[in-house]
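Number of protein chains: 2
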Amino acid sequence: MLAAADELLQREGMAGFTMEGVAALSGASKVTLYKWWATKGVLALEAYSASVNHILSMPDTGDIEADVLAHLKTFVGLLRDTAAGKVTAELLGAAQTDPEMAAAFRRIYLEPRRSIGIRALRAAQERRQIRVDIDLEVVSDQLWGACMYRLLTGWQPLDDAFAGRLVTNVMCGIKPGNGRTLPPAPER
Amino acid sequence: MLAAADELLQREGMAGFTMEGVAALSGASKVTLYKWWATKGVLALEAYSASVNHILSMPDTGDIEADVLAHLKTFVGLLRDTAAGKVTAELLGAAQTDPEMAAAFRRIYLEPRRSIGIRALRAAQERRQIRVDIDLEVVSDQLWGACMYRLLTGWQPLDDAFAGRLVTNVMCGIKPGNGRTLPPAPER
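Sequence lines, in order, name chains G and P. For my numbering, add 8 to where a residue sits in the first sequence, where the first one is 1. For my numbering, add 8 to where a residue sits in the second sequence, where the first one is 1.
Take these hints with a grain of salt, some might be off.
If chains are identical, the list can't say which one is meant, so a pair holds when it fits in one copy or spans any two.
[Claimed, not checked] Taking lysine to aspartate or glutamate and the EDC-like style, the derived pairs with C-alpha atoms no more than 20 Å apart in a straight line are:
id, residue 1, residue 2
1, K94, D168
2, K48, E145
3, K38, E98
4, K48, D68
5, K48, D89
6, K81, D143
In short, the hints are calculated from the structure, not lab data. Only a predicted model underlies this, so the values are computations on that prediction, with no experimental measurement involved.
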């Protein structure tokens, strides 16, 4: 049922995502679907989260800058090149006028995904690659959150160069004399 | 008409925002409203943008870190303590399933607001307070964009401490040995 829901979501977006559609595609009855998922929003969130989980695992080479950069490149690629971008944006968009959807978005999509980044950053903090006084939730907002914001506004391109600059700015700072004084070599 | 539209928007949010309501409150006819604004979304965006413009001016003390911090504190206060937070979130949320609304959001709200931050950052770059190789659009996403993302997800509090950490992380970096090694003194 989750696979059918994800297929429909990727194809139709939230506008064409209905319990009827998932029932037709999966062979399950609407009664069965509603037994497991109270609303189509929750079903869409679970289906979507399940489908991106294996793609968005975090590498662990021991170098936090390289690991986060690799993860962000995968993330921006997913948002830019697949239906995942539109789906994520629509789900978070719908959450703005639907408090139940907002709670489900946090619980089903955001919390599990976000904890992967926080866990990697915390391990790096324990290895002293990140200062101990740094609030990692804020760092997460400035890396993955900034990608999501760019997705939602459509203001500038989501690409590898963007991912690289996000990491450099936060890791090294943007002041003269801090960290690198030249842009990093292209990392692709 | 813009004042009436803003009043209705702040009171009712997008759910209760209608051309009828604005007509009743302003005394203008619906025909007149539609003559000036093609959709209620565009009217809502113009009314909202006009109402926050004077609040969100950028200080110019010559110290980019202080100026950006002051602006971000005003911005998070506006999003947290007034109806502006819900209104902005709903407008950007609606843009996710409405391409006309998305274009209007970029043109009417985002571009003018964003250019204020970019202009201040560029002046600081010319004063050599920011490295010349830094992409200021990315910095904007990591400061104001991160605030918007936190607003949209409701994941963590929007407060002065958050504003301070956003600025410190980006200006000084989060690696040991870069910039400050202790958290900044509370700046309130």
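Going through the hints against the structure:
no.	hint	verdict
1	K94 x D168	within (19 Å within a copy, 32 Å between copies)
2	K48 x E145	neither (30 Å within a copy, 36 Å between copies)
3	K38 x E98	neither (23 Å within a copy, 30 Å between copies)
4	K48 x D68	neither (36 Å within a copy, 49 Å between copies)
5	K48 x D89	neither (25 Å within a copy, 32 Å between copies)
6	K81 x D143	between (23 Å within a copy, 18 Å between copies)
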